[in-house]
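Peer 1: For reference, the chains in residue letters:
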Amino acid sequence: MFHNILLMFENEELFPEAVVYARQFAMRIDAKVTLLMIVPMSFMGRTVIGPKRDTIRNIELRVGKLLSGCLQTFIQEGIEVNSALKIGDPAQELMKFLADRPPFQSIIWGSGHDLPDKGRGTQRHWMSKVVGSLECPLLTISKKENPWKK
Amino acid sequence: MTPHIVIIDDEPITLKQLRRILEKEGYQVAAFSNPQRALQQIKQKPCHLVISDVRMPTMDGLDLMTRVKARFPDTEVILITGYASLDGAVEATKEGAFYYLEKPFTPDQVRNRVKQALKLRQIKEDASDGSASGARDTQPPVIIGKSNKIREVVSIIQQIGPTDCNVMITGDSGSGKELVARAIHATSKRAKGPFMAFNCGALSETLIDNELFGHEKGAFTGAESRSIGLLEAAGGGTLFLDEIGEMPHSMQVKLLRVLQEGELIRVGGSRPISFDVRIVSATAVDVKAAVNGGVFRKDLYFRVNVVNIELPGLSDRKEDIPLLAYHILSRLNRRGGKEIKAISQKAMALLSSYAFPGNVRELENILERAVAVCQGDEIRVCDLPPDLIELELQVYKRPDEQFMTLTELEQDYIAHLLKITGGVRTKTAELLGIDRASLWRKMKKYGL
Numbered sequence: 003m004f005h006n007i008l009l010m011f012e013n014e015e016l017f018p019e020a021v022v023y024a025r026q027f028a029m030r031i032d033a034k035v036t037l038l039m040i041v042p043m044s045f046m047g048r049t050v051i052g053p054k055r056d057t058i059r060n061i062e063l064r065v066g067k068l069l070s071g072c073l074q075t076f077i078q079e080g081i082e083v084n085s086a087l088k089i090g091d092p093a094q095e096l097m098k099f100l101a102d103r104p105p106f107q108s109i110i111w112g113s114g115h116d117l118p119d120k121g122r123g124t125q126r127h128w129m130s131k132v133v134g135s136l137e138c139p140l141l142t143i144s145k146k147e148n149p150w151k152k
Numbered sequence: 031m032t033p034h035i036v037i038i039d040d041e042p043i044t045l046k047q048l049r050r051i052l053e054k055e056g057y058q059v060a061a062f063s064n065p066q067r068a069l070q071q072i073k074q075k076p077c078h079l080v081i082s083d084v085r086m087p088t089m090d091g092l093d094l095m096t097r098v099k100a101r102f103p104d105t106e107v108i109l110i111t112g113y114a115s116l117d118g119a120v121e122a123t124k125e126g127a128f129y130y131l132e133k134p135f136t137p138d139q140v141r142n143r144v145k146q147a148l149k150l151r152q153i154k155e156d157a158s159d160g161s162a163s164g165a166r167d168t169q170p171p172v173i174i175g176k177s178n179k180i181r182e183v184v185s186i187i188q189q190i191g192p193t194d195c196n197v198m199i200t201g202d203s204g205s206g207k208e209l210v211a212r213a214i215h216a217t218s219k220r221a222k223g224p225f226m227a228f229n230c231g232a233l234s235e236t237l238i239d240n241e242l243f244g245h246e247k248g249a250f251t252g253a254e255s256r257s258i259g260l261l262e263a264a265g266g267g268t269l270f271l272d273e274i275g276e277m278p279h280s281m282q283v284k285l286l287r288v289l290q291e292g293e294l295i296r297v298g299g300s301r302p303i304s305f306d307v308r309i310v311s312a313t314a315v316d317v318k319a320a321v322n323g324g325v326f327r328k329d330l331y332f333r334v335n336v337v338n339i340e341l342p343g344l345s346d347r348k349e350d351i352p353l354l355a356y357h358i359l360s361r362l363n364r365r366g367g368k369e370i371k372a373i374s375q376k377a378m379a380l381l382s383s384y385a386f387p388g389n390v391r392e393l394e395n396i397l398e399r400a401v402a403v404c405q406g407d408e409i410r411v412c413d414l415p416p417d418l419i420e421l422e423l424q425v426y427k428r429p430d431e432q433f434m435t436l437t438e439l440e441q442d443y444i445a446h447l448l449k450i451t452g453g454v455r456t457k458t459a460e461l462l463g464i465d466r467a468s469l470w471r472k473m474k475k476y477g478l
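Read top to bottom, the protein sequences are chains A and B.
Every number in the working numbering is 2 more than the matching position in the first sequence, counting from 1.
Every number in the working numbering is 30 more than the matching position in the second sequence, counting from 1.
Please note that the accuracy of each hint is not assured.
Label pairs and their calculated CB-CB ranges [claimed, not checked]: (1) A:75 / B:249: 44 to 50 angstroms; (2) B:476 / A:13: 49 to 55 angstroms; (3) A:63 / B:438: 49 to 55 angstroms; (4) B:427 / A:56: 37 to 43 angstroms.
Quick list of in silico lysine to aspartate or glutamate cross-link-like pairs, EDC-like style, CA-CA up to 20 angstroms [what the hints assert, rightly or not]: (5) A:145 / B:420; (6) A:146 / B:417; (7) A:34 / B:417; (8) B:371 / B:398; (9) B:318 / A:147; (10) A:34 / B:276; (11) A:145 / B:422; (12) A:98 / B:316; (13) A:98 / B:422; (14) B:376 / A:147; (15) A:145 / B:398; (16) B:348 / B:422; (17) B:149 / B:55; (18) B:318 / A:137; (19) B:427 / A:116; (20) B:318 / B:329; (21) A:146 / B:420; (22) A:34 / B:392; (23) B:427 / A:137; (24) A:146 / B:194; (25) B:219 / B:194.
Non-contacting residues of chain A with respect to chain B, defined by C-beta distances greater than 10 angstroms in every case (computed) [unchecked claim]: (26) 15; (27) 45; (28) 67.
I should point out that these hints are in silico values taken from the structure, not numbers from a laboratory.
Idealized CB from N, CA, C, for every residue including glycine.
Could you build the full structure based on these sequences and the hints that come with them?
Peer 2: The following block contains the structure:
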């Protein structure tokens, strides 16, 4: 009852295993799923979108197509699902998105088998910087090397 | 006990037809053409099953179902309509309806669905170890686990159960907060009183107001009779407020005032009515952060959080997984009439290595599936979900530790040394490597 899972992608990259897991997990705990695609883009020093308008439109078209294909797989399983696209500073966009929504119980990273870079310093991936301040656990999925098979 | 069924439909013919079918089967039936009256009756006398029309003039069937489910989650609801559509059916079942019956229906369809719904309710009652929602508990709920964390929880429950203090249970979704609330109620002096559960995140502000405080006749359109709220209905017992962190701010103000005064005024009423309930609340969100952020009222937080019980997630008590798994397995065997005796070593190892972000609820679901597909008398790896077998999960969590500030650390250390030296300041200053005047200033600053 009232569980929400966020399946988060970056840069139009979908990791199929993460999508499969999100679907199975949602069915197990009877949760609603929100797909969020974050596309990093810098608007520094600009007050209007201006020359980036065409780029943004193209991103919207591509991501719309990508997400709708993904949405279908959830709908087919009878899972309530919705999607969103955020373009801008990824960390900020994610925090703003989380602040506007009812709390999520789990966030699944959907663009790879692990967080892109867990290194130190300013070169770290934005997700590694915000992972400590997320409202709920962040899950990453990878394929087992030697699956348990009977 | 004869199952009690409430039927609601604005068409007298359907009502008569349903009543005749069900009474022939030996059920105790109450029929209503007005949903408000039916709701009133259900609140006073909980029923086993509700059969309701979807489209009615004063309240639609989905709304009625939400209200019934908020108060009596175990009561099954069958919705009937002449305007059946796939969307409506999906919506209704997602909201918690047992089945969506399309008009015209045959007596056999009704009989079968009713039998199935009542059987499901019976299973739910068995599964919750005799504790019936909305009704009086007969057996104390069992908290399974041998880990230190869960033993600590059980010990706190035993200590605070008999007291009358308000308790806040915090823990991730699916970790068993309601079970703990029921255990607190069962060990309290109020055990013979009612245990009422209410989900604050499920309803709108107006509905929460109405459900908690009740209303007087004529308070709003459709309020044809007086209705008592949960705070009154739980008199002498315990009121469990689930997801209290999601309660709207204006309702927090009202609830706080009511809890302080020990009196409430029904919606549309003017006379204060005193009540006597113990509040046990639960939340999966970080209420402390919500208090600091101004989203949750500090005064209400202190009022309801006299004692805090923090429930560990299943990943924090992995040693309990085998015990829990076998407990759930025996329940599922009883429910489904199966005789699965064991879980293979490999399957158990796989379960134990999984992170269970969905906690005990997820374990229950995984085992339910395994029991359904299992063909022998042992659950094997192949009976578990494929994603558990093929995928690996990594969980990143916010660190639990509360880090001390330098000031707190300094205060703590000075207090510690003062204790060691028996309060001799010269000796303490010497150990700290500062002069007596500096020590005196710091002691004054920290109130030592």
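Peer 1: Now tell me, hint by hint, if it's right for this structure.
Peer 2: Taking the hints in turn, this is what the structure says about them:
1. A:75 / B:249: 44 to 50 angstroms: Because 47 angstroms falls inside the window, the suggested range holds.
2. B:476 / A:13: 49 to 55 angstroms: Given range 49 to 55 angstroms: holds, Cβ gap about 51 angstroms.
3. A:63 / B:438: 49 to 55 angstroms: With a Cβ separation near 54 angstroms, residue 63 (chain A) and residue 438 (chain B) satisfy 49 to 55 angstroms, so the hint holds.
4. B:427 / A:56: 37 to 43 angstroms: holds, 41 angstroms
5. A:145 / B:420: holds, 6 angstroms
6. A:146 / B:417: With a Cα-Cα distance of about 10 angstroms, the restraint between residue 146 (chain A) and residue 417 (chain B) holds, given a limit of 20 angstroms.
7. A:34 / B:417: holds, 19 angstroms
8. B:371 / B:398: holds, 14 angstroms
9. B:318 / A:147: Given pair residue 318 (chain B), residue 147 (chain A) is violated - Cα atoms ~41 angstroms apart, limit 20 angstroms.
10. A:34 / B:276: Satisfied, since the Cα-Cα distance of roughly 17 angstroms is no more than 20 angstroms.
11. A:145 / B:422: holds, 6 angstroms
12. A:98 / B:316: holds, 18 angstroms
13. A:98 / B:422: Given that 20 angstroms is the threshold and the Cα spacing comes to 30 angstroms, the pair is violated.
14. B:376 / A:147: Holds - the C-alpha atoms of residue 147 (chain A) and residue 376 (chain B) are around 17 angstroms apart, at most 20 angstroms.
15. A:145 / B:398: Violated, because 25 angstroms separates the two Cα atoms, which is more than 20 angstroms.
16. B:348 / B:422: Given that 20 angstroms is the threshold and the Cα spacing comes to 16 angstroms, the pair holds.
17. B:149 / B:55: Between residue 149 (chain B) and residue 55 (chain B) the Cα gap is close to 15 angstroms, so the pair holds against 20 angstroms.
18. B:318 / A:137: Distance ~12 angstroms between residue 318 (chain B) and residue 137 (chain A) Cα, so the pair holds.
19. B:427 / A:116: This hinted pair holds, its Cα atoms lying about 14 angstroms apart.
20. B:318 / B:329: holds, 12 angstroms
21. A:146 / B:420: Satisfied, since the Cα-Cα distance of roughly 5 angstroms is no more than 20 angstroms.
22. A:34 / B:392: With a Cα-Cα distance of about 15 angstroms, the restraint between residue 34 (chain A) and residue 392 (chain B) holds, given a limit of 20 angstroms.
23. B:427 / A:137: Roughly 9 angstroms separates the two Cα atoms, so the pair holds.
24. A:146 / B:194: violated, 50 angstroms
25. B:219 / B:194: holds, 8 angstroms
26. 15: With a cut-off of 10 angstroms, residue 15 (chain A) remains clear of chain B, as the shortest Cβ separation is near 18 angstroms.
27. 45: holds, 27 angstroms
28. 67: Consistent with the label, residue 67 (chain A) stays out of reach of chain B, its closest Cβ about 25 angstroms off (over 10 angstroms).
Hint compliance for this structure: hints 9, 13, 15 and 24 are not met, and every other hint is.
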